[in-house]
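Those sequence lines, one after another, are chains F and E. Okay, so the first sequence: first residue is 10 according to our numbering, each after it adds one. Okay, so the second sequence: first residue is 338 according to our numbering, each after it adds one.
Hints listed in this document are in silico derivations from the structure and should not be mistaken for laboratory results. Errors might be hidden in some of the hints.
As the list claims (entries may be wrong) - Sample of chain F residues facing chain E (criterion: CB under 7 Å; computed from the structure):
{"#": "1", "residue": "S19"}
{"#": "2", "residue": "Y153"}
{"#": "3", "residue": "T160"}
{"#": "4", "residue": "A228"}
{"#": "5", "residue": "F229"}
{"#": "6", "residue": "A238"}
Note that the Cβ used here is the ideal one computed from N, Cα and C, for glycine as well.
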Amino acid sequence: MRLERRTTPSRAALLLAPVAAIAGTLLVASLLVAWAGAPVARAYALLLEGGFGSRFAITETLTRATPLILTGLAAAVAFRARLFNIGGEGQLYLGALAAVAVGGMHGGAGFALPAWLLFPAMMAAAALAGALLLLGPALLKSRYGVDEVVTTLLLNFIVLLFVGAMLDGPMKDPSAMGWPQSVALQEPLQLGRLVERSRVHTGLLGALALAVLLWALLAFTTLGFEIRAVGANARAAAFAGMPVTAVTVKVALLSGALAGLAGAVEVAGRAGYVTLDMSPGYGYSGIVIAMLAALHPLAVVAAAVFVAGILVGADSMSRTVGVPTYIADVIVATALIAVLVATLFTQYRVRRAVAK
Amino acid sequence: MPADSDPPPVLRLRGITKRFGPLLANDDISLDLAPGEVLALLGENGAGKSTLVSILFGHYMADAGTIEVDGRPLPPGQPRAALDAGIGMVHQHFTLADNLNVLDNVMLGTESLLSPFSRRGAARRRLIELGARFGLAVDPQARVATLSVGERQRVEILKALYRGARVLILDEPTAVLTPQESETLFDTLRQMVDAGLAIIFISHKLDEVLRVSQRIAVLRAGRLLAVLPAAGADKPLLAEAMVGRAIEMPRRVPAPPRTGTPACELRGATVRANAGPGRPLLEGVTLSVQPGEIVAVAGVSGNGQAVLAEVLCGQRALHAGSLHVAGQALPPRPRAFVDAGVARVPEDRHAVGVVGDLALWENAVLERYHRPAYARLGVVKRGAAIADARALVERFDVRGTEAAGLHTPARRLSGGNMQKLILGRALMAAGGEGAVTPPLIVANQPTWGLDVGAVAYVHRQLLAAAAAGSGIVLVSEDLEEVFALADRIAVMHAGRLGEAHPAHAWTPASIGLAMAGGAPRPAAAAA
Chain F
10 MRLERRTTPS
20 RAALLLAPVA
30 AIAGTLLVAS
40 LLVAWAGAPV
50 ARAYALLLEG
60 GFGSRFAITE
70 TLTRATPLIL
80 TGLAAAVAFR
90 ARLFNIGGEG
100 QLYLGALAAV
110 AVGGMHGGAG
120 FALPAWLLFP
130 AMMAAAALAG
140 ALLLLGPALL
150 KSRYGVDEVV
160 TTLLLNFIVL
170 LFVGAMLDGP
180 MKDPSAMGWP
190 QSVALQEPLQ
200 LGRLVERSRV
210 HTGLLGALAL
220 AVLLWALLAF
230 TTLGFEIRAV
240 GANARAAAFA
250 GMPVTAVTVK
260 VALLSGALAG
270 LAGAVEVAGR
280 AGYVTLDMSP
290 GYGYSGIVIA
300 MLAALHPLAV
310 VAAAVFVAGI
320 LVGADSMSRT
330 VGVPTYIADV
340 IVATALIAVL
350 VATLFTQYRV
360 RRAVAK
Chain E
338 MPADSDPPPV
348 LRLRGITKRF
358 GPLLANDDIS
368 LDLAPGEVLA
378 LLGENGAGKS
388 TLVSILFGHY
398 MADAGTIEVD
408 GRPLPPGQPR
418 AALDAGIGMV
428 HQHFTLADNL
438 NVLDNVMLGT
448 ESLLSPFSRR
458 GAARRRLIEL
468 GARFGLAVDP
478 QARVATLSVG
488 ERQRVEILKA
498 LYRGARVLIL
508 DEPTAVLTPQ
518 ESETLFDTLR
528 QMVDAGLAII
538 FISHKLDEVL
548 RVSQRIAVLR
558 AGRLLAVLPA
568 AGADKPLLAE
578 AMVGRAIEMP
588 RRVPAPPRTG
598 TPACELRGAT
608 VRANAGPGRP
618 LLEGVTLSVQ
628 PGEIVAVAGV
638 SGNGQAVLAE
648 VLCGQRALHA
658 GSLHVAGQAL
668 PPRPRAFVDA
678 GVARVPEDRH
688 AVGVVGDLAL
698 WENAVLERYH
708 RPAYARLGVV
718 KRGAAIADAR
728 ALVERFDVRG
738 TEAAGLHTPA
748 RRLSGGNMQK
758 LILGRALMAA
768 GGEGAVTPPL
778 IVANQPTWGL
788 DVGAVAYVHR
798 QLLAAAAAGS
808 GIVLVSEDLE
818 EVFALADRIA
828 VMHAGRLGEA
838 HPAHAWTPAS
848 IGLAMAGGAP
858 RPAAAAA
């Protein structure tokens, strides 16, 4: 057996690849479900119902999808320029922390500024925190060729420990009975509900707007042109006169800002304060989502909703048939591998080399 | 000696057919090869030469057809079986391990993993004996990394002979050699043929094919057009058979050099590797090109021409010396060079020339998308860019864009059309909106790997630009091209550039000597 490159990947294959990937994922996961002793068909039905089957399920899925859209966009734009930002998780936490630093009730009241001024300042701080966190790895990559996968990944742990230190130190909420959690956000800064009696908040609209904006940026602007060219062939882009380092830095700022905003939106839309378990790996899931979406900003929205639905549905499935919720993580991780394999097969075909 | 019936063929191909999607790469090809014969495979890029030998060597499996070696069928798709049957191949890009010595490279893969002892002594004796017999002397202990390109090719041939090859396939073997090294190779080939080996010689250089081979198989568009005896064939006949129509190769008409500000003035240019110690990549290079003049930089690949071209394209800063383009010193940034009107054609079309995944129209404006004509407030003016791309496609005859038009990914263009796109882009970017001639054109291997028609096209464009007043630096390893186009020729060796003498003062022999690092002056001037 060997791989032969296809001369031109067909359109049908490109569209079919993600579908085939998801089908393959569910097939693999069904083995684990069966192993856990649950009826496979019923378990999947429950998963689907729990994720999308009711008003409650849908609102929960959309709530979960909101930060995922943002981290997915963060990964997508960075990967487009071949800046492999694995640090979405850290950028998200630092963004959340920055949001509370600006908009929190320090000393019981916080900054005495009107909400219309404080809210943008809070969002800007979160975006800036995420952006600056990725700036270092981007510069190290451009200047010295340091692998950004390693630096961004390791920064996640550093940031998490830093956030932990802050939550147990200067930003600790004195009224939290000793729990390591930050002071709460000022009431007027919290995001409103989008749907009555649900947890969906207006952050979803923001995330959708950013997806459209990012799509337009990539498709229509000179910066988007540069990002696509640098990502597809940095040597040719540099030869043609594109400022490759500047483009990489801009992409880093953009990607980090999006992940930072994910943290701020999550804080302002849900808990209202930062804890160390506020993100069940949203930053990492964003990478999977970006890959599932083939790095297309609008497809990121769909992929995020899909992943969120699995995560939410797995909760309700596990309550009913007793399959551990970890099945959701397995499904998401398997989906990433399946998508990578499916993408490979759109580019290559398998040939049996030896006859008899 | 056309092999009629007397010796039985050592190799027999029957009805070899291979399809890649809609492309018929080999269409019912049948060939015989007699022992002691050199058969040339002649054809343009994409004619099916590589596919045919890949099938022969077992890299590909034919859709139909059979191969027999000494009357025994060769199992398809198994390089191992081809090697065992005595088929050896010397690829254009060598497949040697740089960090091992010659003996290790030759023995690589020939010993059983299960045998407890290595037979290095015997292998070494055999290698020396083979080398002496065929004039392929190489020190078995030398590390491959320290060998010259010609020596590495000898190691590749020895590797095939060591494995008992009786049919040797040479893929464009002279592409990397100086004329003198090519002569040595031809001597070796003669000795191998005398010893009864059969050789398949792949080339698109007509002179060589006529000199080396007994029979010439001409391929075009996957079909075997004719097998001609070399005796009695001549270049125009072969060229026409290969291309399917008569191609007139343009030649430089000598014109008196223009005076004025030089298009390009390089003085004492030195570039060091990573600014570290060791031999500089470029050492004290001085070169002056007048408007309307074509100066060729010849040399064996890897002697600093690539670095020189990078300097002239704004990709590298000088550590010492100066560069003026049309009297102006430029910062070492590609965009500054583009904006100063330097039209640049890079060596590697696919890797550096275009962004393959972007559309044709996007590649057409890759150097100038940021200018006010194509962008306003950070938004690309798609209409203007596409209109310009369309003008480029029409003016420079870029084809293969019918299906998706200007939205075809550039990667799908053939080499010739890709080069037309790059050349057109460079000339249009440098020329601004109209058809202004750029002051300087830097063309690095502009016709490498192109078919004859595309070569003629590129040459005509360069000659027209020179006639209109552009100064041109032509970096080329193809001496035929150098002599066809250049007013003056300078030879590069080990990072140093000899003086540029008028083209008529050089002979192939003198230029070969200079390329090998000998006297850097034309023999005609010395004699």
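Classify the hint on A228 of chain F as holds or violated, based on whether any CB of chain E lies nearer than 7 Å to its CB.
violated, 9 Å
Should the interface hint for S19 of chain F be scored as holding, given a Cβ-Cβ cut-off of 7 Å against chain E?
Hint on S19 of chain F: violated, closest Cβ of chain E at ~10 Å, above 7 Å.
How about T160 of chain F: closest beta carbon in chain E under 7 Å, or not?
violated, 23 Å
Would the hint on F229 of chain F stand, with a C-beta cut-off of 7 Å toward chain E?
holds, 6 Å
Does the nearest C-beta of chain E fall within a distance shorter than 7 Å of the C-beta of A238 of chain F?
At 5 Å from the nearest chain E Cβ, A238 of chain F passes the 7 Å test, so the hint holds.
Status of the Y153 of chain F interface restraint (C-beta, 7 Å, chain E):
violated, 12 Å
Checked against the numbered hints given earlier, this structure breaks hints 1, 2, 3 and 4; the rest are met.
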